[in-house]
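There are 2 protein chains.
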Amino acid sequence: MLIKDIGEQGLLRILQKFCPAEIVGDDCAVLPTNPNQSLAVTTDMLVDGVHFSDRTTGPYYAGWRAAAANLSDLAAMGARPLAVTVALAVSADTAVDWVEEFYRGMTACLQEYHTPIAGGDVVRSPVVTIAITALGQVEENRTICRSNARSNWGIVATGFHGTSRAGLELLLNPEFGQNLEKGDRISLILAHQQPKPRLDVLPILWEILDAAGAMEPPLSPPLAKGGKQESNSLSPPLSKGGPGGVNSPIAIAGMDSSDGLADAIVQVCRASGVGANVDRTKIPIPHSLSEIVSAQKALDWALYGGEDFELVLFLPIDRAKLLVERIGDGAAIVGITTECADIWLSDSSGICPDFRLEIDRGFQHF
Amino acid sequence: MLIKDIGEQGLLRILQKFCPAEIVGDDCAVLPTNPNQSLAVTTDMLVDGVHFSDRTTGPYYAGWRAAAANLSDLAAMGARPLAVTVALAVSADTAVDWVEEFYRGMTACLQEYHTPIAGGDVVRSPVVTIAITALGQVEENRTICRSNARSNWGIVATGFHGTSRAGLELLLNPEFGQNLEKGDRISLILAHQQPKPRLDVLPILWEILDAAGAMEPPLSPPLAKGGKQESNSLSPPLSKGGPGGVNSPIAIAGMDSSDGLADAIVQVCRASGVGANVDRTKIPIPHSLSEIVSAQKALDWALYGGEDFELVLFLPIDRAKLLVERIGDGAAIVGITTECADIWLSDSSGICPDFRLEIDRGFQHF
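Going down the list, the sequences are from chains S and V.
Per this note's numbering, the very first residue in the first sequence carries number 1; after that it's consecutive.
Per this note's numbering, the very first residue in the second sequence carries number 1; after that it's consecutive.
Some hints here could point you the wrong way.
Pair ranges (Cβ atoms, derived) [what the hints assert, rightly or not]:
(1) V/Gly10 - S/Trp206: 35 to 41 Å
(2) V/Asp347 - S/Pro35: 47 to 53 Å
(3) S/Glu181 - V/Pro32: 32 to 38 Å
(4) S/Trp206 - V/Ile6: 48 to 54 Å
(5) V/Gly10 - S/Leu190: 33 to 39 Å
In silico negatives: residues of chain S with every beta carbon more than 10 Å from chain V [said to hold, decoys possible]:
(6) Glu8
(7) Arg124
(8) Cys145
(9) Val324
(10) Asp329
(11) Pro353
Hints were generated in silico from the structure; no laboratory data involved.
Note that beta-carbon positions come from the ideal geometry of N, C-alpha and C, so glycine has one too.
The shape of chain S in the complex, shown without the other chains (with noise of 0.2 Å):
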């Protein structure tokens, strides 16, 4: 059955049932918000055959992917998530069942962080389009900004890297890593498929702050600023409060790492005007990726591979050891800033010679 078949009424019907029962139809949505708190905003377009096939991940794991991503950003800022909105372009030849899919993963994702569809719009297009906006709550106090890390902090990272790309080396080729356990298999392919945004983690890092926090005066502002814009975000923190973009910053910074570990690395030192020893023997890398890859191949999905949906956290290196115990599951010190802006990637091993950390093998749109 195609959108031709049903017409506009009757994809709206379907589109319906995945927003809240309380639908009345205007021409906004209308949500509470709690005071004290600022509104993070992040939009992601999505386009058929540029971020999502059919090859590889069907229509419910592009709607998983497409929500985690966004409420990705949102964890990022230090944001829970209030709502989000979803604009969807379809041609009238687009089958009924891939649109209830897509909704379909969108939402169980979605459920999962208790956040609903606030609306959004349908329209016509020769190429499936969708463009979801997510709409989060954070404290003034508590928004993570790329440029407020210093010198001397633990770099984390909040999970195991690589898995994403070597799930989706799995799906493109079926016969890769025939070797591997069954688990392992689905574990990675899960990894690609289902990503899971990490606001667990938000808790656990509100929870060592302030008792951090309780300790000792507020940060002044950071000495230096770099900036230099890379990724294809162009959401700028508009809080009129100190070059931090916060009014009295608490000692974190961060982003996630949705281009890649190397990218969240290399931008939040760029913004806070800082350098950094990665050790590449500490980077969370699965097992089972050895099985498969060689070790410098894995190196190079768990940092350039991107879409692991981790969270990539600067702090002072005694709350960032705290982070990491009470996070565990694969979470890690990666490194450390320094003051020189160069960014190093080292190995305390002694194997592989030290080479500076870049990140234009990053994705490029054009």
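Given chain S, work out where chain V should sit, using these hints.
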């Protein structure tokens, strides 16, 4: 010069000029909000060849219209704009000039209403596509819902209708309307190219309603609820108040006339479970239309043409009269709501027979 000539980073540098200077580029934009106000959110997606065309609008006006349509949705809910996000899909062969002009038009409109672009996304697609999400804030007891109208209220159109459709006709057929005075011609074309969202109506409306409300108790919930949703909007009000979607509904209902005056009247009546008598002689149609088309055609454009982006407000007669006086400039009471669910288009001059107002003539996407 094409996008592929300047690459993703070149494109981002251009687009960042249109965002506030304090851009840092985090995973989300962070916006301060007013306490005791709800968040209003609306999303529109625009597709090249479907929603805009260089033949009639050009990128500057396409950008203006996209911004105006979203701000109009906020105005229709009683919300003041906070910010918008913009997701843009372009191909490598899209002209850089096109993108810059689109952003110029969009920001020109946004700046008139002090609304920043708070980030977005840039991706590759074979079809130029833009998704705009507008965020606004509205006091909880001032939310203008569709479902709140009662019988014997006045239906106010805040300005002329049919103008945008007439302007489009002038752009499509340059030989059409040669008899028009130059000023009238320009004014109709501008109504299509640079519509003004009626955010200016809100302060007048609150002043009238506050003065009236001080003299009487709040409304009880509406008696009947319709609710067949005909628009392609999927925006549910999520506030947890009574059936009207607000905690203590004020005596107002409404929406904007982006899909035509007839659509607005029918949608609000259905959502509120009331009917209406609309007087065709009261519908504000500019005199210049009588010089280019028949009275019937002019009425047709006013009712079904769409994109006039006026507000269609339902409120008790005394306040409706005050509102029309204060707005001036085409504003008129076009009808009265009734207990019976039918919506009649009558003719107080007695020339035309009454007929039922329908909206199955509206734009269908599929």
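Here's how the hints hold up against the structure:
1. At about 40 Å, the CB distance of V/Gly10 to S/Trp206 agrees with the hint of 35 to 41 Å.
2. Checked against the hint of 47 to 53 Å, the C-beta distance between V/Asp347 and S/Pro35 comes to roughly 52 Å, which is consistent with it.
3. For S/Glu181 paired with V/Pro32, a C-beta distance near 51 Å fails the hint of 32 to 38 Å.
4. The hinted window of 48 to 54 Å between S/Trp206 and V/Ile6 is violated, with their beta carbons roughly 42 Å apart.
5. Our hint of 33 to 39 Å for V/Gly10 and S/Leu190 holds, since their Cβ atoms are close to 38 Å apart.
6. Distance check for S/Glu8 against chain V: the nearest CB is about 5 Å away, which does not clear 10 Å, and the non-interface claim fails.
7. With a cut of 10 Å on Cβ distances, S/Arg124 falls inside the contact zone with chain V, its closest approach being about 5 Å.
8. Not every CB of chain V is more than 10 Å from the CB of S/Cys145 (nearest about 6 Å), against its label as outside the interface.
9. Distance check on S/Val324: its Cβ is at least 21 Å (rounded) from any Cβ of chain V, clearing the 10 Å threshold; non-interface status holds.
10. With a least CB separation of 22 Å from chain V, S/Asp329 remains clear of the 10 Å interface cut-off, as annotated.
11. Residue placement check: S/Pro353 keeps its beta carbon more than 10 Å from all beta carbons of chain V (closest about 30 Å).
In terms of the numbered hints stated before, the structure departs from hints 3, 4, 6, 7 and 8, listed from lowest to highest.
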